[in-house]
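Protein chains: 4
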Amino acid sequence: MITSLILASALALVPTQVLAADNGLAITPQMGWNTWNKYGCNIDEQLILDAAKSIVSSGLKDYGYNYVIIDDCWQKNKREKNKELLPDPTKFPRGMKALVDDIHDMGLKVGIYSSAGTLTCGGHIASLGYEETDAKTWAKWGMDYLKYDNCYNQGQSGTPKLSYDRYKAMSDALNNTGRPILYSLCNWGEDGPWNFASTIANSWRMSGDIYDNFNRADPACPCETYDCLLPGFRCSVMNIINKAVAVGQKARSGGWNDLDMLEVGNGGMSHEEYRLHYTMWAALKSPLLLGNDVTNMTSETKEIIMNKEVIAVNQDSSYSPAVRMWVKGDQQMFSGNLANNTQVVILLNAGDKAAKMTATWDDIWFYSQPHVDASKSIEVRDLWKKQSLGNFTDRISLDVPAHGVRMIKFMDSAQSS
Amino acid sequence: MITSLILASALALVPTQVLAADNGLAITPQMGWNTWNKYGCNIDEQLILDAAKSIVSSGLKDYGYNYVIIDDCWQKNKREKNKELLPDPTKFPRGMKALVDDIHDMGLKVGIYSSAGTLTCGGHIASLGYEETDAKTWAKWGMDYLKYDNCYNQGQSGTPKLSYDRYKAMSDALNNTGRPILYSLCNWGEDGPWNFASTIANSWRMSGDIYDNFNRADPACPCETYDCLLPGFRCSVMNIINKAVAVGQKARSGGWNDLDMLEVGNGGMSHEEYRLHYTMWAALKSPLLLGNDVTNMTSETKEIIMNKEVIAVNQDSSYSPAVRMWVKGDQQMFSGNLANNTQVVILLNAGDKAAKMTATWDDIWFYSQPHVDASKSIEVRDLWKKQSLGNFTDRISLDVPAHGVRMIKFMDSAQSS
Amino acid sequence: MITSLILASALALVPTQVLAADNGLAITPQMGWNTWNKYGCNIDEQLILDAAKSIVSSGLKDYGYNYVIIDDCWQKNKREKNKELLPDPTKFPRGMKALVDDIHDMGLKVGIYSSAGTLTCGGHIASLGYEETDAKTWAKWGMDYLKYDNCYNQGQSGTPKLSYDRYKAMSDALNNTGRPILYSLCNWGEDGPWNFASTIANSWRMSGDIYDNFNRADPACPCETYDCLLPGFRCSVMNIINKAVAVGQKARSGGWNDLDMLEVGNGGMSHEEYRLHYTMWAALKSPLLLGNDVTNMTSETKEIIMNKEVIAVNQDSSYSPAVRMWVKGDQQMFSGNLANNTQVVILLNAGDKAAKMTATWDDIWFYSQPHVDASKSIEVRDLWKKQSLGNFTDRISLDVPAHGVRMIKFMDSAQSS
Amino acid sequence: MITSLILASALALVPTQVLAADNGLAITPQMGWNTWNKYGCNIDEQLILDAAKSIVSSGLKDYGYNYVIIDDCWQKNKREKNKELLPDPTKFPRGMKALVDDIHDMGLKVGIYSSAGTLTCGGHIASLGYEETDAKTWAKWGMDYLKYDNCYNQGQSGTPKLSYDRYKAMSDALNNTGRPILYSLCNWGEDGPWNFASTIANSWRMSGDIYDNFNRADPACPCETYDCLLPGFRCSVMNIINKAVAVGQKARSGGWNDLDMLEVGNGGMSHEEYRLHYTMWAALKSPLLLGNDVTNMTSETKEIIMNKEVIAVNQDSSYSPAVRMWVKGDQQMFSGNLANNTQVVILLNAGDKAAKMTATWDDIWFYSQPHVDASKSIEVRDLWKKQSLGNFTDRISLDVPAHGVRMIKFMDSAQSS
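Residue numbers (full-length UniProt numbering), protein chains in the order written: chain Y, 1 to 417; chain L, 1 to 417; chain A, 1 to 417; chain U, 1 to 417.
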């Protein structure tokens, strides 16, 4: 029988060739590593090569982290006479192509950064008005990915049309190169990219910049919902999650809400908080872009970012972000469709005390109402403990740590025929 | 004596030839059946023919449901060389014209769907930039109705002007065909279509998509008022009602607020909730577009959608949406002018317990102040019980079920001369 | 000594020839009578002539009410071949010029109505795209005043620029006629006319339409502050006052915030409420446009609208709207500069019970801080009782009726040198 | 080790030649004196010369106050035939150049005022459409500074693009003169100048006009956050501070948030309130533009505006506005990076009673988490008492007066390596 659950899924089953930037990339959310969260402007060829090598040697590559993304501050201070933008020769003495080739040789892909403005956020030369030139340059170097920021945009924002036109110029330029280049739009959610970006980009940031904190209010991130005139930065993990729940509906295969790069391993949060952070990024189908020092990781960090079952949720072929089914004070419950009739459920406790939380079959499969069979016994697997919790009927109650989650997978559906 | 009540009515008495899309259609809100709520993308010729036959055989046609509307997913994946958009040949092997002819032969009219974007919400080819071509095609097929959606609109929104210009292109194209085609604008209330659409369309959606639920908050429908940057979907019946009360003032003969298609009979709500849902859609002068399986209806469903007296409120020649006269916690009272000096009143109880509710003559005819005669005895008829409740003076008190309504008609006015 | 009070006044002392529509009109807020609030579309030549005669015979003219304004529904249903818009011949059998001449002969001026859209709010032919033609026609008829509405504006709103450009077209057209025509812009506050209209119009509406009620919340007037995407109608007197306090700062000689036409005498409010209504419109420097039946007025109505001292506040040469100095629950205190170092103070009690209210010299002359002499003895005159209340020092305490005001004038200033 | 604190600083280390108006000015926030707050339109050559002389003789110049800015009301009422705008000959009988030369001879710089509209806020001729002409005129006179206001802007606002384009026209015109002219953009925060102005201006106002009051709510300044459609005036010191905290993130060397001119010494606030006012303007990196009578200053006023250590915070080469680290009821704590690993901290008590307030190392260096050494002993200097308070470990607790601040400097950082 047809139900609204199936209708919802239908949206994700749209042929991927017509969506997003039409480049066939990011069928599932991209995974990789980015220089910014850990190193900011202090980057050079050696640092990036070392990171790439560690991504291979640590096994991260095998978990799917395959993009090495060079964020801001790689540029020279001036364009060449032919208008080309070259890398800072002191940081990248061999030029970019040699570095890209080396990373390609490791079986990884490479990303670069610029801004749809006159300057990048770090004050370097950016690409507004030079879209075709810069796209060609990056294609020539062999780049596979562009993160395209929003600083110094000359006031070209304030309506979806102004933002769309500005970002479409680069989308067209990238497509014109003939090289498939994943296009990561980064305008912090201004003018609603979840509405206008899905035909031109593979992902779009939906909030101000993350910082390495669980839930602190910060004046530089003044909004608490998706609707925000000053996205800012220093947005906490909970701040971003609470914004992301409204726009999850807009994610599609080939076009994802980007909750910003990961902070796991950077030291500002507890292990449970990092687990919550990673869990929600995975379940909400954000790109999973590591932001830590991958050459020196604790076992706790590895435990979080190298969990095949959690990553599989992010990369699942249902392409459906988990949906927040309810909020009760500090507690939230998320449920998401997975392939093969399985379901991921997250019990999130943002409170300062551990709590027992309960999810019922009616809540988990709410969108299948009135066709939920509460008497159905279903095996539940704990994705962080990597073990079965046994079979349950009607509901499941679990202890959830403070500032933490339980992430479980239902091996069958309670939806009745 | 002239009163503000009469002035308000004057607005509805404007000659219809100059309003709306200038096509003379939707003098009263359109009625019919649409494929989406029940079947989503799983549609084909046979399903639609079966539904059309049932609309006739069940008697629905006689109640006024005369449009059979084919929603999304009817399209081929590619335009023809001459740019025409044809139906998916596996779903519609005879093409569209044959199907339309068959339905016309049953005395029904036919509607089609597209989006004012590059793709429909379901990811199919849409009509932005192809307005003239597609309008001609639909006219050629004999289409009588277009539902025109808002997905993938290339950022062409954010001011009333951007939205108006985009939707006006199709309005002009439809008028240019020479065939009267009812134009159902569906941009979910973005940029205030209640202001800009009445000269170009016969109805306009004023909220995100409905789902089959009474009052559940859902993160995909984040707004609680008409003023909304992310209309979304999974909006509950009460969510839509609470948005609609502010824009009721903008409805006109030939130009209606569309509260979205009906969910009656789809199983997610109780009988009382469905009755409330249908009552309010009727009284607020929304188009009444069934969304259930009309080939297989329970008697409870039929009781709701086949009530001549309730439908008559929707189709009344006063063209005036009922107005919410007060809110007291979970309780709301609506009052609406009807022809021949009669009045419809709805006592709505959104609370979880049955309640006795009272409406006074002063509240019901508030806009006639100071000319209300509280001592006037007026016969009151219960439109769902289909019987007179007797005569009342000054006020009426009725038991209203939880999540339910009492819908009553006053056979005379308490307005004094 | 220079103080901020003087600085504030400086803004009002700007030479009038460079402000507003540059037409030298509305040096003080316009006064007159308008057909709409009482008669709506039910107007004709005789009704208007009768009203004009009564304005003279009743003495209203001598109080300053000198504009007779014909609101919507005067038009024929079609433009002439030369594009001219003529009056409905059944309502105005002699045409407009004869009527205007008659009213001019009474020593009164005449106003007309149209909309910056394709249709007026009542559905008649309007002037968007015909600004030059219609302005010439009105000038030819001898019109002295245009009320220019906002209905059916083809989506040309949403930024100040879109609204400004649309309304400026008529401003230019009026000026091009060579006849001084007071330009009353009526876009209900959309896009902030207090910012964009002062160089093109003599007044601008700042809210949705008034209705004849003191403080009832109505879903058709959904906003409670000046910042409003759906101005609507059925806005109560207190709703409009609470919006007007923020924009009072933008009023200038030649460019006034229009709080909408008066309801005094139409029967929906008590005498005290009407007194409050008129008091605040006068003190906030709204145009004073009667909306009642001037051929048949009670003594209570006359008492309110024919009070020279209250009208003098509105027409005072300081051109300064009273400012709300404080709000305490249901109570508000307003203070406004008047010429010759005098001051108007209003104690407003929106509560349901009479109350004693106190205004201190520090509060009344707050903007003169730190130069307020609390020990100064000042004569206080009651403008509604038309008598002196004696001299007071430091503060004054008065009984204020429920839903009522006390409006007093200080015959000197407590500002010290 | 790299931390987010260092990353944040990196933004301020961007080479100044590419930022702001590209004019090399306002590397640190501009300092000076402006005629408006004290004298409004009552200005003339003598008043300004007297002020300039006092700025030198009082020693203010040596503290860094080097711009003498002539605000509104210097203009003639009409442009010359060649379109030039000349000064009012009665106020400036020698013309502007002679006055500028005199002030230059004192070692001071001179500023002028106009509006990006048809009229200035005071109703005088303004520069919209005359950007090139007026910029040339000012350059010819030797002007070093332009304050460019927003009144009568013909509706050219409402999107960042409309505002940017309007203000960029003058930026280009100023640069085209060849003379370095500091460009002080004054559009009261409309359309978010913190986003669009940093490449075209040296500072931008971020709120409505200040008035000489600590924390009074005023209807003419209706917003409480940065996001405001009616910036207005009569904004209190606390109102502006509470708006400024969100946009501090956007300040850069060469491009500053302007919190409006100072009121210190004008009499509307207590000494502690003025100290708080000046402290926060300094720490938030606002331009420091005196607004008092500099020819006649009390010792209390001098104590505040002539404190080298406080001014040094404003002019510090870290270019980093202090950040509000927490709010607890009426209390707020700010922390800001200074050069040489030092830190400024402000304990602000907006309450009506004195309070003991505590700042911990963890809070002060929060952005250095997890690398804060709470056990580190650091010398703390009181910048208003101009003395060391001794060494502290882990936290510091100080008595803070009502409506007052304690402003302290940490001589080392608790950030661990």
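There could be a bad hint or two in this list.
Which copy is meant is left open, because identical chains are indistinguishable; a pair holds if it fits in one copy or across any two.
Subject to a maximum C-alpha distance of 27 Å in a straight line, what follows is the list of computed DSS-like cross-link-like pairs (lysine-lysine) [claimed, not checked]:
no., residue 1, residue 2
1, Lys385, Lys168
2, Lys386, Lys168
3, Lys78, Lys302
4, Lys353, Lys328
5, Lys356, Lys97
6, Lys78, Lys356
7, Lys91, Lys81
8, Lys83, Lys53
9, Lys140, Lys97
10, Lys161, Lys328
11, Lys376, Lys302
12, Lys53, Lys78
13, Lys328, Lys61
14, Lys91, Lys328
15, Lys53, Lys376
Because the hints were derived from the structure by calculation, they are not lab data.
The structure presented is a predicted model; accordingly, all values stated were derived computationally and were not measured.
A quick look at each hint next to the structure:
1. Lys385 with Lys168: This pair counts as neither: shortest intra-copy Cα distance 44 Å, inter-copy 57 Å.
2. Lys386 with Lys168: For lysine 386 and lysine 168, the Cα distance exceeds 27 Å both inside one copy (43 Å) and across copies (56 Å).
3. Lys78 with Lys302: neither (40 Å within a copy, 47 Å between copies)
4. Lys353 with Lys328: both (14 Å within a copy, 22 Å between copies)
5. Lys356 with Lys97: neither (54 Å within a copy, 60 Å between copies)
6. Lys78 with Lys356: neither (58 Å within a copy, 53 Å between copies)
7. Lys91 with Lys81: Close inside one copy (21 Å), not across copies (52 Å); limit 27 Å.
8. Lys83 with Lys53: Intra 33 Å, inter 51 Å, cutoff 27 Å: neither.
9. Lys140 with Lys97: For lysine 140 and lysine 97, only the intra-copy Cα distance (8 Å) is at most 27 Å; the inter-copy one is 51 Å.
10. Lys161 with Lys328: neither (38 Å within a copy, 41 Å between copies)
11. Lys376 with Lys302: neither (36 Å within a copy, 32 Å between copies)
12. Lys53 with Lys78: neither (31 Å within a copy, 45 Å between copies)
13. Lys328 with Lys61: neither (38 Å within a copy, 46 Å between copies)
14. Lys91 with Lys328: Answer is neither; intra-copy 50 Å and inter-copy 45 Å both fail.
15. Lys53 with Lys376: Answer is neither: 48 Å inside a copy and 38 Å across each miss the 27 Å cutoff.
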